[in-house]
Amino acid sequence: MGTQILMPALSPTMTEGKLARWLKNEGDDVRAGDVIAEIETDKATMEVEAVDEGKITKIIVPEGTEGVSVNSPIAELNGGGGEAAAPQAPGQTTNMPQQPAPPAAAQPGQVGEVAKQAEDYGAVAARGAERQEGAAKTGAAERIIEPEKDWGPTKAITVREALREAMAVEMRADKDVFLMGEEVAQYQGAYKISQGLLDEFGPRRVIDTPITEHGFTGMAVGAAMTGLKPIVEFMTFNFAMQAIDHIINSAAKTLYMSGGQLGCPIVFRGPNGAAARVAAQHSQEYSSWYAHVPGLKVVAPWSSADAKGLLRAAIRDPNPVIVLENEILYGQSFECPTSEDFIVPIGKAKVERKGKDVTIVAFSISVTWAMQAAEELAKQGIEAEVINLRSIRPLDSETIAASVRKTNRVVTVEEGWPFAGIGAELGMQIVEAAFDYLDAPPVRVTGLDIPMPYAANLEKLALPSPAQIVDAVKRVTYK
Amino acid sequence: MAQAAETATANKQRRPQPAEAKAPAMTPEQLLRAYRDMLLIRRFEEKAGQLYGMGLIGGFCHLYIGQEAIVVGMQACLEPGDQVITSYRDHGHMLATGMEARGVMAELTGRSGGYSKGKGGSMHMFSREKGFFGGHGIVGAQVALGTGLAFANWYREGRNVSLTYFGEGASNQGQVFESFNLAALMKLPCIYIIENNKYAMGTSLERGSASRDLSKNGAAWGIPGEQVDGMDVTAVKEAGQRAAAHCRDGNGPYLLEMKTYRYRGHSMSDPAKYRKREEVQQMRDQSDPIEKCKKMLLDGGTGEAEIKKIDDEIKAIVQDAADFAQSSPEPDEKELWTDVLIEEGAR
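Residue numbers (my numbering), protein chains in the order written: chain A, 1 to 479; chain B, 1001 to 1347.
Be aware that one or more of the hints could be misleading.
In silico DSSO-like links for lysine-lysine, alpha-carbon gap of 27 Å or less [to be verified]: (1) A:K479 with A:K460; (2) A:K406 with A:K460; (3) A:K43 with B:K1309; (4) B:K1130 with B:K1315; (5) A:K175 with B:K1187; (6) A:K406 with A:K356; (7) B:K1198 with B:K1294; (8) A:K55 with B:K1187; (9) A:K24 with B:K1308; (10) A:K350 with A:K379; (11) A:K253 with B:K1334; (12) A:K350 with A:K406; (13) A:K379 with A:K406; (14) B:K1334 with A:K43; (15) A:K55 with B:K1198; (16) A:K253 with A:K348; (17) B:K1130 with A:K253; (18) A:K460 with A:K379; (19) B:K1292 with B:K1315; (20) B:K1292 with B:K1276; (21) B:K1273 with A:K43; (22) A:K348 with A:K149; (23) A:K479 with A:K406; (24) B:K1292 with B:K1309; (25) B:K1130 with A:K175; (26) B:K1276 with A:K24; (27) A:K253 with A:K379.
What follows is a list of derived Cβ distance ranges for each label pair [said to hold, decoys possible]: (28) A:I450 with B:G1250: 50 to 58 Å; (29) A:A279 with B:E1278: 57 to 65 Å; (30) B:Q1282 with A:A32: 14 to 22 Å; (31) A:A168 with B:L1185: 20 to 28 Å; (32) B:A1245 with A:N25: 54 to 62 Å; (33) A:D449 with B:G1174: 30 to 38 Å; (34) A:F435 with B:K1273: 31 to 39 Å; (35) B:E1333 with A:K479: 48 to 56 Å; (36) B:L1185 with A:T13: 38 to 46 Å; (37) A:A279 with B:R1128: 18 to 26 Å; (38) A:I450 with B:R1128: 32 to 40 Å; (39) B:R1033 with A:A32: 41 to 49 Å.
Hints in this document: simulated from the structure, not taken from any laboratory.
In this text, a Cβ means the ideal position worked out from N, Cα and C, and glycines have one as well.
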């Protein structure tokens, strides 16, 4: 029974190649593993090994032929194998001097391939847009935004206490939850967030790690793949850059890559953004870095209630969640519901202050600045609505759009850099969802587009301020 | 300094005894099983190479041919609940854990019948049921993750161990040493298996590492290590059993450097100009793990007919897998949006 030998693909991108040389002639016997030919791809000269055994009855494509398409028959084999058509396996390169590969211009097929790819990308983008459009439509239907749930009595606690309580409550409820990080146990936390947890839960569940972010983050992600629920504390998110490969490549993508088999229920938390006078390497805001990644959820609490409710939700979430805290807020007190069941759903923004003249969208510490600006604006007769995002991803686009449709003007505030920042995303989403309602172009207030300076006066200038927000509001209200 | 560290662990290093000095590591039945499992990997990989040549498998495809004895020998040391994790050269590991040839091959062809529904590809497959945790494409990342699997065993206070495989190229990654430190510090039950096939893509070990004995790479942390003939399935199993016993008894991690060789290029598009064809041929002729196993079987009285039966069985399994991988449909376009996040009432 005859078998055709087909032109093999020898690289991920190869569609055709040059049949440089035959090492067997018609009538020759070949054994599996014999080198039968040399083929030039755009990258290299490769040897082709026979897979089947038999006698070469016919050489279809003579040596020296360029532009031989992958999978076209190049020879015929009359073999004893009796298998269906089996193309040959690429082997090692020849030690013969390599002949120059044909110039790219001489491959008209490539143009078609590029065009086809572009078409494919277009199709994917269109499908994505379709899906987004669907979401926007439901928003446009004037859906009533669910009011913030009333959790009953509250008590003033610091953000630090709120975070600690959230972890303690969840650890009591689920023995698979544990805390790991630098100085979280015996030292009681670099910022005292984990104070007392070692005493209550012991060293198997409150674990001091060496200073080895890449290693312990990977270890925690591996543990989460087995169903444990680690809380990884980064002393600051600046140090998580050493571990970002595991956060993105290992934690965020595995569910998808495994076809839904292997989830990663893990929380990465710690202070994010500028503290005070610690300069460029210790003062970076990472919201847009993590929010960029499908497969991650990203929350940024402002108040004690945000901190407690969002961290509890993050720990219970079956997905990897980034909790971006703020060092300056740790010691500040806010009213927080005392209910044992209190939780803040991920993906829901909160209107912190109602207003009709302008919407200010903020998150984390920038909510403080926005609230201060709103106070000042009220004195000047401008009623600002302040939205505390709480979650960056998924983003509560509905609440933002509903507010902008009401106020027709919007200012976004963030501590991070402007380029490709959260404000850029907010501005685009608002334009997509509420363009016709806008009476002025959206304006961003952001940190300056520079590494953070150390000098006190310069640092102050590099960060957004309530005064800048007031100015921005006046620009969009033309006052 | 390095020498002092080496001396400190030298006592702990147990070398395999000469073969004649001990009872055989495998019974004839176990040896026959090992032959079958190695042959399955060999034939599967050859078929994958063919399908790649036909353009049915895309992207990167890293074949395991030549290294089969390692995963088959190590698998013989495992107990239920143990975990396996490795790099992107992962087809052999999956087959050794008992994952179906059909599902692996269909993932290679990017079909819905693949282990990851066609969304992972050659380098990213998983099976919680078989204790296989991937399939990881970032060189060395699986070492920290595998340490995490061992951490989970420690956390749950069981006797399970994690087999964490990586190449000698990955052994230079910083996170490998971070993992060694963490595992030794916390006494995690992790068997680190360096598959030293001599070439990190095109860079030979001599050009990539100042370490001449990778089994000592954990010496600074007191991790015992052995160099093992990775072309001999019985030697692998013996060393694996020592390592597993060490880990299960709560003594912390263990390091095995498997001396092996890959016959094919780093990936399908590797012209392999960094080594001579004669070198490959010599390994094939003199050290092939499957031929070695076959000889042991024949010497031990197993008949040719029995071996032929296995050959035929494997051929049928691989052909079936290849057929399935071509007939299984491509994933539905709806699958684009699934498995990004776990959500109630998934998208």
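Hints, one by one, checked against the model:
no.	hint	verdict
1	A:K479 with A:K460	26 Å, holds
2	A:K406 with A:K460	34 Å, violated
3	A:K43 with B:K1309	42 Å, violated
4	B:K1130 with B:K1315	23 Å, holds
5	A:K175 with B:K1187	21 Å, holds
6	A:K406 with A:K356	7 Å, holds
7	B:K1198 with B:K1294	25 Å, holds
8	A:K55 with B:K1187	60 Å, violated
9	A:K24 with B:K1308	30 Å, violated
10	A:K350 with A:K379	23 Å, holds
11	A:K253 with B:K1334	18 Å, holds
12	A:K350 with A:K406	16 Å, holds
13	A:K379 with A:K406	21 Å, holds
14	B:K1334 with A:K43	36 Å, violated
15	A:K55 with B:K1198	36 Å, violated
16	A:K253 with A:K348	24 Å, holds
17	B:K1130 with A:K253	21 Å, holds
18	A:K460 with A:K379	25 Å, holds
19	B:K1292 with B:K1315	20 Å, holds
20	B:K1292 with B:K1276	23 Å, holds
21	B:K1273 with A:K43	12 Å, holds
22	A:K348 with A:K149	11 Å, holds
23	A:K479 with A:K406	19 Å, holds
24	B:K1292 with B:K1309	18 Å, holds
25	B:K1130 with A:K175	25 Å, holds
26	B:K1276 with A:K24	21 Å, holds
27	A:K253 with A:K379	49 Å, violated
28	A:I450 with B:G1250: 50 to 58 Å	53 Å, holds
29	A:A279 with B:E1278: 57 to 65 Å	58 Å, holds
30	B:Q1282 with A:A32: 14 to 22 Å	18 Å, holds
31	A:A168 with B:L1185: 20 to 28 Å	26 Å, holds
32	B:A1245 with A:N25: 54 to 62 Å	58 Å, holds
33	A:D449 with B:G1174: 30 to 38 Å	31 Å, holds
34	A:F435 with B:K1273: 31 to 39 Å	57 Å, violated
35	B:E1333 with A:K479: 48 to 56 Å	50 Å, holds
36	B:L1185 with A:T13: 38 to 46 Å	45 Å, holds
37	A:A279 with B:R1128: 18 to 26 Å	45 Å, violated
38	A:I450 with B:R1128: 32 to 40 Å	47 Å, violated
39	B:R1033 with A:A32: 41 to 49 Å	25 Å, violated
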